[in-house]
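> In the order they appear, the protein sequences are chains A and B.
Here the first sequence stands for residues 1 to 275, numbered as in the UniProt record's numbering.
Here the second sequence stands for residues 1 to 275, numbered as in the UniProt record's numbering.
Simulated from the structure, these hints should not be mistaken for lab results.
Just so it is clear, CB atoms sit at the ideal spot from N, CA and C, and this is done for glycine as well.
A few of these clues could be false.
[Said to hold, decoys possible] List of simulated lysine-lysine pairs, PhoX-like, C-alpha gap at most 20 Å:
(1) A:K257 to B:K235
(2) B:K235 to A:K275
(3) B:K235 to A:K8
(4) A:K8 to B:K275
(5) B:K246 to B:K204
[Said to hold, decoys possible] To give a feel for the contact side, a few chain A residues facing chain B, derived at Cβ under 8 Å:
(6) L3
(7) Y5
(8) V13
(9) T22
(10) H24
(11) Y135
(12) L227
(13) T256
(14) G258
2 protein chains.
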Amino acid sequence: MELWYTEKQTENVGITCKTLQTLHREKTEFQDLAIIDTLQFGRMLVLDGMVQTTVKDEFVYHEMISHVPLMTHPAPKKVLVVGGGDGGTIREIIKHPSVEEAVLCEIDRRVVELSQEYLPEISCGLKDKKVTVLYADGIKHVQDNPNTYDVILVDSTEPVGPAVGLFAKEFYRSIFKALKEDGLFVAQTESPFFNNGLISRVFKDIADVFPIARLYLASVPTYPSGLWSFTLGSKKYDPLNPAVDKELSFETRYYTKGLHRAAFELPRFVSDLLK
Amino acid sequence: MELWYTEKQTENVGITCKTLQTLHREKTEFQDLAIIDTLQFGRMLVLDGMVQTTVKDEFVYHEMISHVPLMTHPAPKKVLVVGGGDGGTIREIIKHPSVEEAVLCEIDRRVVELSQEYLPEISCGLKDKKVTVLYADGIKHVQDNPNTYDVILVDSTEPVGPAVGLFAKEFYRSIFKALKEDGLFVAQTESPFFNNGLISRVFKDIADVFPIARLYLASVPTYPSGLWSFTLGSKKYDPLNPAVDKELSFETRYYTKGLHRAAFELPRFVSDLLK
Chain A
1 MELWYTEKQT
11 ENVGITCKTL
21 QTLHREKTEF
31 QDLAIIDTLQ
41 FGRMLVLDGM
51 VQTTVKDEFV
61 YHEMISHVPL
71 MTHPAPKKVL
81 VVGGGDGGTI
91 REIIKHPSVE
101 EAVLCEIDRR
111 VVELSQEYLP
121 EISCGLKDKK
131 VTVLYADGIK
141 HVQDNPNTYD
151 VILVDSTEPV
161 GPAVGLFAKE
171 FYRSIFKALK
181 EDGLFVAQTE
191 SPFFNNGLIS
201 RVFKDIADVF
211 PIARLYLASV
221 PTYPSGLWSF
231 TLGSKKYDPL
241 NPAVDKELSF
251 ETRYYTKGLH
261 RAAFELPRFV
271 SDLLK
Chain B
1 MELWYTEKQT
11 ENVGITCKTL
21 QTLHREKTEF
31 QDLAIIDTLQ
41 FGRMLVLDGM
51 VQTTVKDEFV
61 YHEMISHVPL
71 MTHPAPKKVL
81 VVGGGDGGTI
91 REIIKHPSVE
101 EAVLCEIDRR
111 VVELSQEYLP
121 EISCGLKDKK
131 VTVLYADGIK
141 HVQDNPNTYD
151 VILVDSTEPV
161 GPAVGLFAKE
171 FYRSIFKALK
181 EDGLFVAQTE
191 SPFFNNGLIS
201 RVFKDIADVF
211 PIARLYLASV
221 PTYPSGLWSF
231 TLGSKKYDPL
241 NPAVDKELSF
251 ETRYYTKGLH
261 RAAFELPRFV
271 SDLLK
């Protein structure tokens, strides 16, 4: 038999992956959750019918959402991840020697539990002694913790369902307050090919709230269009002019210091979205 | 009714596009050719079941295969395209003021004829007075024209069927001879996520033949994995150190002079393929 998982990434285009089996499926309190084994990308976490992460290509997203801001800040000590229950972003954060505490604030406990059961390569960092896992609303956690974090990473699902509030200007204002005086944050902000309206609006909102706003890109095969954007808001440090020339003290598969800078060199049609 | 075109990009993953209608389909002397109208990407040319170009995302591939080498050479006058019967690469080449003659050598006359009928936005440049269209075997044309071209672009289909010989070391040796003493060439070289063996081999072959070999990347949503590679071989000019600081004298949608350099900053797993 042939079993194919097909995700309609927009109304008019989809990705289809040959699949061995469904390992788990449930309706959590917040979303439809599935873990499937695919031949091309290995094990895959799917939330509300959208690929969140796969064993084969997760390194791109997790390295790029974390190492770009953490290499921009000269010495990040306390880092928050909003969402990111699979643990991949946490796994990358704790590679940075300066980090003393990494807090994961995930609204859906089941994402963490099932990632720990089925995706050990990705979730492994969650058991590190530097890591605190909170099952709570990230918006409320950010509101309740002013002047607390050096870096905040918004590792959210798509801007539908539980994640809508994570793409709102009010949330970016709360993040500004939750950051220390030299803090910075990054949010995943979808595909420049398919979500250009969202990218324009979010960039403008972040640029209204933060003195420094920058967009950068990375290539993730299982995400719609294969090209993904991240938007960075910073109070002090510019990712294009790092305050200190930090050395990268660990191995990577995607991120390099050269790529850090290159990721901000945008195709013309993308930079046009930010005007 | 819903009509979906699905391309299996590998044995285990595919892209599926909602489609209005098939406009044309035939078996040419060389390949299965289809032109379809898709909702996400507009009109699409499909050869042997593989997307070649679409109205919505063709600008990425056509700008990046042409402007990177043509901005590296200080004054390219005579340029050859091997393949590329849709005309998109020619359309970009003739935007360069120094270009006096652009030769298209396409083995399959029907690709050119049907692109002119159904894809006027892409094929429009083929009627320019600087352009010569030859219906011939590109390998033979290159062999028969030593010391002729400033720049050669290998705008081929995948390395199956009629294009196999365009990925062979012998062909790169012929290209070396067909170039003038300061000439350079670029070939499209598939996806670093899915075709890493091919990329390693082709890069090594080109680096054996040319004193300067470089690989660069661009994001094309309708190509497998969304990330595409181009390999450049050059006798004299290094794309990272252009001989002259040329101005870009026309509008683009993807290419910029900043991106020219950034496209060569490779993710670690890609640069590892070139060792």
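> So, for every hint listed, does it hold in this structure?
Structure-based check of each hint:
no., hint, result
1, A:K257 to B:K235, "29 Å, violated"
2, B:K235 to A:K275, "40 Å, violated"
3, B:K235 to A:K8, "46 Å, violated"
4, A:K8 to B:K275, "38 Å, violated"
5, B:K246 to B:K204, "30 Å, violated"
6, L3, "11 Å, violated"
7, Y5, "10 Å, violated"
8, V13, "4 Å, holds"
9, T22, "16 Å, violated"
10, H24, "21 Å, violated"
11, Y135, "34 Å, violated"
12, L227, "4 Å, holds"
13, T256, "6 Å, holds"
14, G258, "4 Å, holds"
In this structure, the hints that do not hold are numbers 1, 2, 3, 4, 5, 6, 7, 9, 10, 11, in rising order.
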